[in-house]
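Peer 1: Line by line, the protein sequences are chains A and B.
First residue of the first sequence? That's 1 in our numbering, and the numbers climb one at a time after it.
First residue of the second sequence? That's 1 in our numbering, and the numbers climb one at a time after it.
Check each hint, because a few of them may be wrong.
[As the list claims (entries may be wrong)] Here's a subset of chain B near chain A, in silico, CB distances under 8 Å, partners left out: (1) V93; (2) L94; (3) A109; (4) N212; (5) V215; (6) P216; (7) M237; (8) N244; (9) R282; (10) Y319; (11) N328; (12) R374; (13) L394; (14) T407; (15) R413.
These aren't lab readings, by the way, just hints derived from the structure by calculation.
All C-beta atoms, glycine included, are put in the ideal place defined by N, C-alpha and C.
Number of protein chains: 2
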Amino acid sequence: MTVQQLLCGAVKAKACAARLSAAQKNAALLAIADELEVDIPLILKANAADMSEADGAVSDVMLDRLRLTSDRIRAMAQGVREVAALPDPAGEVLQTISRPDGLNIKKVAVPLGVVAIIYESRPNVTSDAAALCLKSGNVCVLRTGRQAYRSALAIVDAMKKALLHCGLNGELINLVQDSTREGAKQLMTAEGYIDLLIPRGGAGLIAECVKNATVPVIQTGTGICHIYVDSAADQSMALKIIENAKCSRPSVCNAAEVCLVNADIAREFLPALYAALVSERRSGKVELRLDEPSYAVLGGRPYCVRAGESDFDTEFLDYILAVKVVENVERAAEHIAAHSTKHSDCIVTRDEATAEKFIAMVDSAAVYVNASTRFTDGGQFGLGCEMGISTQKLHARGPMGLRELCTYKYIVRGEGNIR
Amino acid sequence: MTVQQLLCGAVKAKACAARLSAAQKNAALLAIADELEVDIPLILKANAADMSEADGAVSDVMLDRLRLTSDRIRAMAQGVREVAALPDPAGEVLQTISRPDGLNIKKVAVPLGVVAIIYESRPNVTSDAAALCLKSGNVCVLRTGRQAYRSALAIVDAMKKALLHCGLNGELINLVQDSTREGAKQLMTAEGYIDLLIPRGGAGLIAECVKNATVPVIQTGTGICHIYVDSAADQSMALKIIENAKCSRPSVCNAAEVCLVNADIAREFLPALYAALVSERRSGKVELRLDEPSYAVLGGRPYCVRAGESDFDTEFLDYILAVKVVENVERAAEHIAAHSTKHSDCIVTRDEATAEKFIAMVDSAAVYVNASTRFTDGGQFGLGCEMGISTQKLHARGPMGLRELCTYKYIVRGEGNIR
């Protein structure tokens, strides 16, 4: 099926998606979850084929993203069940205005229509995205990276089977067969077919979408997240937070990439940071890319290298941390304004006035005080699973859940009212 | 002052705007309203100069848009006072999430930053837009059409005087001196300076912004609004609604441009429509642009001409109405899907099932049953005055008020919480 044929089917399915009752959508989601578990052998087989082709061609971190296990597929099914349990956002009356002349105005949440998601080689996005679209009454068009195509196809096949079991249109969920760049570009310019395009992936993918897209796009996911360790920080807390933010899952967008250290405590804190991230870790030791002042403290030790300029503008997604010494919270906020992707940035401090200054100055989707940036996540923020983390200011900021997949319209009823 | 210098000043004023308390903003707005009234003679003098230059060069409808009177300036001041009376959207805690591990997440409304408005020759937009930006904690950059520049400058001078009286930064409100296309283009590509660009005006301006802008844009205002008269309509109600929607203020975006008439009642209804819009009107007679079936009924009468293809895709903003006969509500909805600008579309019917079908099928910001499209307006919808009517689906749809000039951020506070 060509991309064009697939899009025509998706547009036709829009009316069907928008008309589904909450009960129908929930039944379909539960059927999808069950079918994903029934199909575990098929999905694992497809994933094994993807894995064996990717092995050696990509980093260990990327391979981990691609890998499925029975537990991971069960977790995907569980994610779909959690979406079923969430309230239906479509049809919700957001506001009612009754005018003195009897005119009745209702602001009602409605699905966007056709939502396209271009993502990389993370198979679980396939079911997450499809579940959120279905629950919000949208038709989804999925386009995965080449390396995860077989896995995504097996997952979509399971989901389509479940839709058909429920008597629903299989074209509510669509997977683009064309994993080439040309296929992606066709989605980006499918005006009149796609109501929202969400790229989920690295900086290159996002930039390509923003540059080429003529359909509405929400930028998601690139996370150059900072942790600023203030002079008034609880330093052992700071170490615990940085270790978690950097090492608990380096391949995700809410992982920290840069540590800013207040100059007053740099000589004391940096050796402790080295111990926590390098010398005391058995595996997953972190390479430190150090600016001149921090290199002056740690230089010469293993895993310590001088930072290049680009290291403060790179989403490593790996066991690498850029480190920079800054004079105070203002300089930290200025560095963040210049280099952050406006995703998640954190201050560790015991000084409330400094924390307030950081919150006011840092213009990011999530601003943290004394907690790991890893919490920026739809599940952690109470949205169920998520469609991505928006790093833009319009429509949706931070984790995008069901509400963010809806727009609204005003329904105005009168009895011949004129103005 | 160059556009670049002005933008630098605006960016510097951002922090000041965001820090203003509700009391400070309201005091400034009341001072602005008072100063607008004090300056009525100066503003009228500037407007007279604009009017005399525009006279003869533009249509009567456009001249009416440009014209200020003491009453109109007092209405502008009153609009500013109404904005002062509205709740402050910035700083509002939209949601609080307390996680079991003690992590506290607050979703807080924050200003977008610098909001630029490119508009045409309607002087009242100057004070409306500035008041909404100030109240929501944004710095505004205004760029009016050349024909209204003197009027806008007099209005901005009054507003800046009021800001200075209140001890505030005059650069919270900025008017671009350069009324050339080049000046507008500089705004469209001012990445890093402008957080949101709102074009307010005709289709040409909007299209130019969407095509050229690299800063975030919200499309507003183009209104090709339809009124569908169903076979089950109360025809006298339909006439009253169409007369109001077409003639009460033809130059505005919520005025009707197209009337769709059900074929079953066309022979009866069209002559009555002709009477209401042409033969019984003393002034402001409406030219009817008729498709073949309606021309077969009305052809040959004065003010009745055959419609060209483009007449169903034109925002006339004048005493002109395109008329088409359609078979049923489905065909009406299909015509609207193909030709509407997704602004405001109306059905006149007594049949509830038909009304529901129309509501479900018409994907516009405002869908009306038995009421004039003229109600699509921030004031009428209870938002105070408005920044424009969004015709897109993301972020804001329909009238944009104070909330739509804010984004939000998550403020997350912990005690060393890790994931």
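Peer 1: If a hint holds in the structure, say so; if it doesn't, say that too.
Peer 2: Cross-check of the supplied hints:
For V93 (chain B), the interface hint is violated, the least distance from its beta-carbon to any beta-carbon of chain A being 13 Å, above 8 Å. The interface hint given for L94 (chain B) is broken, as the beta carbon of that residue sits about 11 Å from the closest beta carbon of chain A, more than 8 Å. This hint is violated: A109 (chain B) has a C-beta 11 Å from the nearest C-beta of chain A, more than the 8 Å allowed. Of the supplied interface hints, the one on N212 (chain B) is violated, with its beta-carbon coming no nearer than about 13 Å to a beta-carbon of chain A, more than 8 Å.
Hint status for V215 (chain B) relative to chain A: violated, with the closest Cβ pair at about 11 Å, above 8 Å. About 5 Å separates the beta-carbon of P216 (chain B) from the nearest beta-carbon of chain A, less than 8 Å, and the hint is met. For the restraint placing M237 (chain B) at the interface with chain A, the shortest Cβ-Cβ distance is roughly 4 Å, inside the 8 Å limit, so the hint holds. Taking 8 Å as the C-beta cut-off, the interface hint given for N244 (chain B) holds, the closest approach to chain A being about 4 Å.
With its C-beta approaching chain A no nearer than about 19 Å, R282 (chain B) sits outside the 8 Å limit, and its interface hint is violated. Checking Y319 (chain B) against chain A: minimum C-beta separation of about 17 Å lies over 8 Å; hint violated. Contact between N328 (chain B) and chain A, as hinted, is not supported at the beta carbon level, the nearest pair being about 17 Å apart and thus beyond 8 Å. About 4 Å separates the beta-carbon of R374 (chain B) from the nearest beta-carbon of chain A, less than 8 Å, and the hint is met.
Given hint, L394 (chain B) at the interface with chain A, holds; its Cβ is 4 Å from that chain's nearest Cβ, closer than 8 Å. Checking T407 (chain B) against chain A by beta carbon gives a least distance of about 4 Å; that is within 8 Å, so the hint holds. The interface hint given for R413 (chain B) holds, since its Cβ lies 5 Å from the closest Cβ of chain A, which is under the 8 Å cut-off.
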